[in-house]
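Line by line, the protein sequences are chains P and W.
Counting along the first sequence from 1, when you hit position 37 you're at 36 in numbering that gives the first Met the number 0, and nothing is skipped either side.
Counting along the second sequence from 1, when you hit position 96 you're at 95 in numbering that gives the first Met the number 0, and nothing is skipped either side.
These are computed hints drawn from the structure, not numbers from a lab.
Just so we're clear, the structure is a prediction, and the values are computed from it rather than from any experiment.
Using N, Cα and C, we set each Cβ at its ideal position, and we do this for glycine too.
Don't take each hint at face value.
Below, computed lysine to any residue pairings styled on SDA-like, alpha-carbon distance capped at 25 Å [claimed, not checked]:
1. W:K218 - W:E59
2. W:K458 - P:R156
3. P:K12 - P:K189
4. P:K252 - W:N276
5. W:K324 - W:K113
6. W:K80 - W:F366
7. W:K474 - P:L69
8. P:K63 - P:Q273
9. P:K97 - W:N63
10. P:K252 - W:L271
11. P:K97 - P:I381
12. W:K474 - P:T235
13. P:K97 - W:V381
14. P:K12 - W:K453
15. W:K286 - P:T235
16. P:K342 - P:I381
17. P:K63 - P:G92
18. P:K189 - W:L271
From the structure, some residues in chain P lie toward chain W, with a derived Cβ separation under 7 Å [to be verified]:
19. L8
20. E10
21. I11
22. V13
23. S108
24. A116
25. D118
26. E128
27. T139
28. V154
29. L160
30. R230
31. I295
So the chains spell out like this:
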Amino acid sequence: MANEKTNALPEIKVGLLVIGAGPAGLAAAVAAYDRGVRDILICERQDFAGGILPQCIHNGFGLKRFGEELTGPEYAGRYEKMAEERGIRIEYGATVTKLSHDRHATVLSDKGMRVYAADAVILAMGCRERPRGALPVVGTRPAGIYTAGCAQKMVNRMGLLPGREIVILGSGDIGLIMARRMTLEGAHVKAVCEVMDHPGGLRRNIVQCLDDFGIPLYLSTTVVEVEGDERVTSVTLAEVDERRRPIPGTERKVPCDTLLLSVGLIPENELTRQAGIEIDPVTNGAAVRENRETSIPGVFACGNVLHVHDLVDFVSEEGEIAGNAAADYLENAKKIETAPVAKIVAKNGVRYTVPELIGNGNTPKVTVFFRVSDSFRDATLIAENENGQILAKKVRRMVPGEMQRVDLPREKLVGTVTLSVATQG
Amino acid sequence: METVTRYDVIVIGGGVVGSLTARELTRLGARVLVLEAKSDVASGTTAANSGIVHAGFDAETGTNKAKLNVRGSAMMPALTKELSVRYQQIGALVTASGDEGLAGLEKLLERGKKNGVSGLSIVRGEALRALEPNLSTELDCALFATTSGIVCPYGLAIAAMGNAMDNGATLLRNTPVTSIEATDGGYLVNGTYFAKAVVDAAGLAAHKVAALAGFTGLKQHPRRGEYLLLDRNCGGTVKHTVFTLPTKAGKGILVSPTADGNLLLGPTAEDLPEGVNCAVTAAGQDKIIATAKKMVPSVPLGGRITSFAGLRAVGESGDFEISQKNGFVILTGIESPGLSAAPAIAELIGEMLGEAGLLPEKPMANFDPVRTVVRPKEMTDVERDALIRRDPAYGRIVCRCEEVSEGEIRDALRQNPPALTIDGIKRRTRATMGRCQGGFCTPSLVALVSRERKIDETKVAKGDGNSIIADRRTKGGN
């Protein structure tokens, strides 16, 4: 019972609190359980597990993880089953509204409010889509402008068709998937525009979702204006220069009733910030060590809340890393807190790395995930520090839309390690 | 022949002025009908303005603007408390630099004193820096107005209309006025509604409505103001409403926290011909950014979540034009500071109609001035826990960014004036107004509107007319 006088809710102790039952949180909880952690609670704000996967009814999930091609709901179902078999507790409709630096989480659901005092916390809140307001698109604000994920939810979970004549801004994977989905539902996708000079999503999605359906992709092109008072009646496209500024004279009005936006995903780190956890300005996720531990000991992060992944298979992999690390942390009664031994800095052509801090581990190799800022062919990936070169690896092809990974020898990772791309000539 | 329904007063327009007027006339005992052209109250000028309750030093002494602003601003604290509307007296700073700037501020200070504004002083140097640490160092003096405040403008209009309805007033939405016939010692509107008195509070359309009743020759034009809205985590960038010295076109671009904790930049002031819409322009957005940066160089533009524009009605005189003839009250030129003055305008209309003998002799005996709204987020954790245990719907979060529960959305769809659309829910609860701008919760809101209003999901609209969110089913949808 709540204490009316102190105006504070009673605290409930929990071993491992996982925030989010999407693919990252489920994989983390399962991994921690398999390492012997039993007092696990997952708080999930939706009424179902799987995060965004239940609305991703297309296939292409699980090739790396399960060696077979699954749909989103199927992939989520596998992990849901694993959690269920282990008896891992999931509270649904439970939104974490506050998180403190000492791992106290305030949770809201239709059963009331409570505070969990957790020994360890795994952040797995996922990400959200960048809205229109963040873009320099002028004009009116009628109905018919939706993020691709919002439209996907309406189509795939509610059976609602949000438009007939469609323009899509952004060639991120969800945008590409929705171009195909809307076409299959009888809508006419007139254009997919991408402000960059290369597609944002996976190559296989360009082929399978656009090329196979004859949907035109316009690179270095953006939407500059929306028209329509009640419903969208047209959008104006314009080509952009190398600095992504619209080129005057290239404007072209396209009549349509719907504009779908697939213009980037933003990790949802409001709770992370509230707890005072250090944030990487490039990923907008927590700055973590190789075990996905954040700047607060005992708090780990994984999946799209940490950095936006292309494949759910890698999200699950990262969830396992965090789950194992949380188990290590809980096993080790003394909870030794040592400073990181190395910091990885992204340079020349490398946009960011995860992890960016090295410490506490004992594996001979450290896998570093990274994204490049440009497309590269036949380039060399170089890791070095003040002691000299750690690695020089030939890479045939790297594109910004596809996450890269490289294994670095742990014993050489000290001080400031830079990761960069060198091109021939 | 159509049946005619009789009222004491017909108010045309459900903006903040019309809504507060409907409430005041109801309080005075009148049977009031409000006719709103759009799908909701507060969807014109009231929906898109700065939300500032001005202190009242800006307008020329003796004008309607000066008198009604000062009076309205003084009424605001008690009024917003009665109606559970978010209002904070955070104070405003009119900033300037150099001797010329200081002279300008002193003029404003004098005018403010003449207008009867209290709490005015000039602050300089370190004292100014202490008040507003992020202010540009180029700005070295300011007029500090402690009585200036911020209010949720549409929240005020919705609450006032809701309270009027709770006390017996009638609201008809989606009901544009198409005809007004002077007859029988009163006015027959749309051939259906009769009253001895009419209040034309139609905002931008007020001159057109007046012309329907034969009051021709009035002129108004729209002045567009564009804004940029930043995330709530940017709301603390400034602590007060920060202006620069006003010019003829208006009070200029401001940087201010909003009553809901966001940071607001704007407005521009662009005089336009009639019939334009609320589009935002590249030039306008650039101007806002440039001006805001001059005042507050560290303004965190990365936190922008949306931009929008509103239209203010500008009359010919430059002052609020308020007249009453044969029971027909016309309000034109209600531009800024219309929001600040709205409570006083409503009071004035009550006096005008009372003096003309057009209101009942006695005020309403059991008028209840209080409207309450359940706001779980403003409660302590213990209170909120108890609330959820009584009504679990307040524990189901629908809009994660603004932490709005199903219970609050249900209330918005039921409480006077009930929301009919997604925008209606937005203005009542803030759902969809956060950093994801409805990306996550729009589908859930469609389902809730459908459930509460017992309409099909394919009929749920964002706002007016044809603005259906998703107007057909998928091939397999049912």
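Hints, one by one, checked against the model:
no.	hint	verdict
1	W:K218 - W:E59	holds, 22 Å
2	W:K458 - P:R156	holds, 17 Å
3	P:K12 - P:K189	violated, 55 Å
4	P:K252 - W:N276	holds, 18 Å
5	W:K324 - W:K113	violated, 31 Å
6	W:K80 - W:F366	holds, 16 Å
7	W:K474 - P:L69	holds, 23 Å
8	P:K63 - P:Q273	violated, 35 Å
9	P:K97 - W:N63	violated, 48 Å
10	P:K252 - W:L271	holds, 24 Å
11	P:K97 - P:I381	violated, 41 Å
12	W:K474 - P:T235	violated, 30 Å
13	P:K97 - W:V381	holds, 14 Å
14	P:K12 - W:K453	violated, 43 Å
15	W:K286 - P:T235	holds, 22 Å
16	P:K342 - P:I381	holds, 15 Å
17	P:K63 - P:G92	violated, 31 Å
18	P:K189 - W:L271	violated, 34 Å
19	L8	holds, 5 Å
20	E10	violated, 12 Å
21	I11	violated, 13 Å
22	V13	violated, 18 Å
23	S108	holds, 5 Å
24	A116	violated, 14 Å
25	D118	violated, 22 Å
26	E128	holds, 5 Å
27	T139	holds, 5 Å
28	V154	holds, 6 Å
29	L160	holds, 5 Å
30	R230	holds, 5 Å
31	I295	violated, 19 Å
Going down the numbered hints, you'll see the structure goes against 3, 5, 8, 9, 11, 12, 14, 17, 18, 20, 21, 22, 24, 25 and 31, while the others check out.
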